[in-house]
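**Student:** Residue numbers (my numbering), protein chains in the order written: chain E, 69 to 358; chain X, 10 to 322.
The set of hints was computed from the structure by calculation and includes no laboratory data. Note that beta-carbon positions come from the ideal geometry of N, C-alpha and C, so glycine has one too. Each hint can be trusted.
Taking CB as the label site, the calculated pair distances span:
1. Ser218/X <-> Arg95/E: 21 to 27 Å
2. Leu258/E <-> Leu78/X: 49 to 55 Å
3. Trp136/X <-> Leu258/E: 55 to 61 Å
4. Leu166/E <-> Leu307/X: 31 to 37 Å
5. Val117/E <-> Glu94/X: 49 to 55 Å
6. Leu258/E <-> Leu140/X: 56 to 62 Å
7. Leu140/X <-> Phe113/E: 35 to 41 Å
8. Leu307/X <-> Asp191/E: 19 to 25 Å
9. Val188/E <-> Trp136/X: 55 to 61 Å
Example chain E residues on the side facing chain X (calculated, C-beta under 8 Å, incomplete):
10. Phe203
11. Ile205
12. Trp321
One letter stands for each residue in the lines below.
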Amino acid sequence: MTAVARDPDQASDGTLIRAGRRLLRHRLGRIGLAISFIVCFAAAFAPWVAPFDPAGIDYDAILSSPNPKYWLGTDEIGRDILSRVIAGARVSIQIVILAIVLAFVAGTLIGLTSGYFGGVVDDVVMRIMDGLLAFPILVLALAIVAVLGPDLLNAMIAIAIVNVPGFARLVRAQVLSIRELDFVQAARALGANDWRIMLRHVFPSVLGNVIVYASLRASTALITESSLSFLGLGAQPPVPSWGGMLSTGMQYWDAWWMSVFPGAAIFLTALGLNFLGDGTRDALDSRLQD
Amino acid sequence: MHHFIIRRLIHLVPVLFVVSIVIFSITLLLPGDPTLAVLGDQASQAERLAMRTKMGLDRPILLQYVTWLGSALTGDFGRSLRTQEPVAEMLAARVPVTLQLTLGAILLAVVVGVPLGILAALRRNSWVDVLCSATAMSGVAMPYFWTAMLLIILFSLTLRWLPPSGYAPLLSAPVENLKLMILPTLTVGMAMSALVMRQTRTAMLQILSQDFIRTARAKGVSETRVVLRHALRNALIPVITVIGLQTGALVGGAVVTETVFGMPGLGRMVVEGIFERDFAAVQGAILVIVIGVLAVNLLTDLCYAVLDRRIKL
Chain E
69 MTAVARDPDQ
79 ASDGTLIRAG
89 RRLLRHRLGR
99 IGLAISFIVC
109 FAAAFAPWVA
119 PFDPAGIDYD
129 AILSSPNPKY
139 WLGTDEIGRD
149 ILSRVIAGAR
159 VSIQIVILAI
169 VLAFVAGTLI
179 GLTSGYFGGV
189 VDDVVMRIMD
199 GLLAFPILVL
209 ALAIVAVLGP
219 DLLNAMIAIA
229 IVNVPGFARL
239 VRAQVLSIRE
249 LDFVQAARAL
259 GANDWRIMLR
269 HVFPSVLGNV
279 IVYASLRAST
289 ALITESSLSF
299 LGLGAQPPVP
309 SWGGMLSTGM
319 QYWDAWWMSV
329 FPGAAIFLTA
339 LGLNFLGDGT
349 RDALDSRLQD
Chain X
10 MHHFIIRRLI
20 HLVPVLFVVS
30 IVIFSITLLL
40 PGDPTLAVLG
50 DQASQAERLA
60 MRTKMGLDRP
70 ILLQYVTWLG
80 SALTGDFGRS
90 LRTQEPVAEM
100 LAARVPVTLQ
110 LTLGAILLAV
120 VVGVPLGILA
130 ALRRNSWVDV
140 LCSATAMSGV
150 AMPYFWTAML
160 LIILFSLTLR
170 WLPPSGYAPL
180 LSAPVENLKL
190 MILPTLTVGM
200 AMSALVMRQT
210 RTAMLQILSQ
220 DFIRTARAKG
230 VSETRVVLRH
240 ALRNALIPVI
250 TVIGLQTGAL
260 VGGAVVTETV
270 FGMPGLGRMV
280 VEGIFERDFA
290 AVQGAILVIV
300 IGVLAVNLLT
310 DLCYAVLDRR
320 IKL
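Given these sequences and hints, build the entire structure.
**Tutor:** Here is the structure:
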């Protein structure tokens with residue numbers, strides 16, 4: 069990851085378009101984009117895409133293995149696994165997007181102010197971030213859920229909080245070098261106030277790398293969300309979640325489809341997000357630009 | 010070396026301070042009356058007030074924090090709100106389980122990941138390399154609990170080679186313990202093997218193209234010696250970094266893995282504590298986990314220094 073440290077006013081308007089083209093030429097990035105698109109499409113249009121009502125019960129088809137009617141089989145009360153996997157995508161994707169956006173906003177604000185102003189504020193804020201980074205992500209998320217109580221919204225807040233220190237550290241590190249560059253000094257000499265310099269000049273310069281970081285964190289956020297739901301601390305029944313479905317699957321080992329398909333959904337989505345993150349990183353990396 | 014260790018320990022002080030505040034805050038921020046967890050909802054107001062005084066909850070927050078920290082530093086983490094058992098004793102019983110699991114996983118990651126990473130680097134772009142890269146990418150995306158469930162379905166329920174869950178102490182029932190630990194160790198170790206493999210491959214590729222390797226080859230040193238003595242020693246530094254950085258993720262993996270396999274470790278203690286609102290147990294377990302992770306990070310730094318003399322101690 070390299071800092072694209074130039075005044076955004078001087079940057080070409082076509083930078084993002086070129087990065088988009090490079091992403092489409094990136095083999096893994098393309099696969100990641102396709103998987104992410106399919107999952108997001110399924111999540112957005114779940115009620116129309118799913119073949120059955122995810123909460124609908126078919127008493128004649130309890131624990132049915134995959135068959136022409138229920139492609140991925142049914143669960144312990146006769147609900148269609150495929151429809152629940154699609155509905156679960158909606159839950160997971162919403163949580164991941166909201167958590168990453170929250171972490172992005174909070175971490176960027178903390179990193180910008182800490183790096184730009186420096187001094188005691190920077191020291192105190194960064195020690196707090198170091199302290200939070202010392203916690204394993206899932207353990208910190210568990211501690212936060214312990215305080216807030218186990219439910220989906222709190223899981224989202226926990227995932228956002230555990231991701232804030234990473235964003236803050238990344239942004240701060242870049243701001244430290246950017247704040248000394250000529251275009252920032254020039255803006256200061258022209259009388260621009262600190263907030264204007266931070267938001268109009270410094271922030272756009274770090275944005276590329278923060279987007280890359282956000283895309284790379286998305287798969288970790290997804291796995292954290294599904295882990296919390298699996299442990300019973302995220303989405304609560306009857307809300308369909310991939311982690312929750314796997315947790316139920318553990319009570320019905322003979323019905324392997326209850327464990328295999330929701331897990332495959334998490335795996336493929338995390339893989340797609342990883343590929344997309346790698347592709348985005350390469351597409352925005354200034355050293356690899358054409 | 011002493012100066013280096015002292016310097017690193019000094020750096021740890023503010024981090025541990027923040028960690029202690031976060032962990033202490035767990036009880037402070039809890040919604041509702043903490044005496045509910047001890048007395049239930051049938052207790053009278055007088056009983057609650059007496060319990061608040063007994064638990065020290067009527068004192069100023071700063072004093073509560075200092076008392077809690079002082080006790081924790083002497084190994085007194087209080088008593089479980091549920092069983093009244095000293096948390097320190099619960100930790101003593103559970104730490105070996107998590108330690109065995111994580112150390113086994115690291116060992117597996119090194120034993121599998123390093124040789125395969127070397128092989129992938131030496132046979133670049135061959136099917137071995139492609140297979141290693143694909144495995145590495147897949148390993149990172151597989152949630153631990155799904156890996157665990159697939160392993161149970163395959164090895165326990167289909168092939169019937171290994172028991173699906175449970176735990177036996179290593180010292181009193183070593184054979185049973187090893188049988189029961191294979192699947193959990195594979196679960197946690199496989200993801201890390203993937204990362205170690207990828208890192209070893211990248212580091213070996215960079216080092217094998219450097220001048221000192223060319224010189225060694227020109228001097229007639231055998232290829233095995235070039236790879237194992239000259240290249241691998243240098244390639245191990247980034248590999249150790251990955252292992253150090255991934256310890257946190259490894260412990261996260263241990264939390265869910267212990268739950269799937271029904272192992273009485275620290276991770277399961279946290280999860281059970283949350284459900285039973287046994288926050289003394291949750292606090293103790295999380296504190297021990299974080300101190301363990303920080304200790305591994307310190308060890309990682311020491312390993313750099315031993316492996317690379319250019320890093321000043």
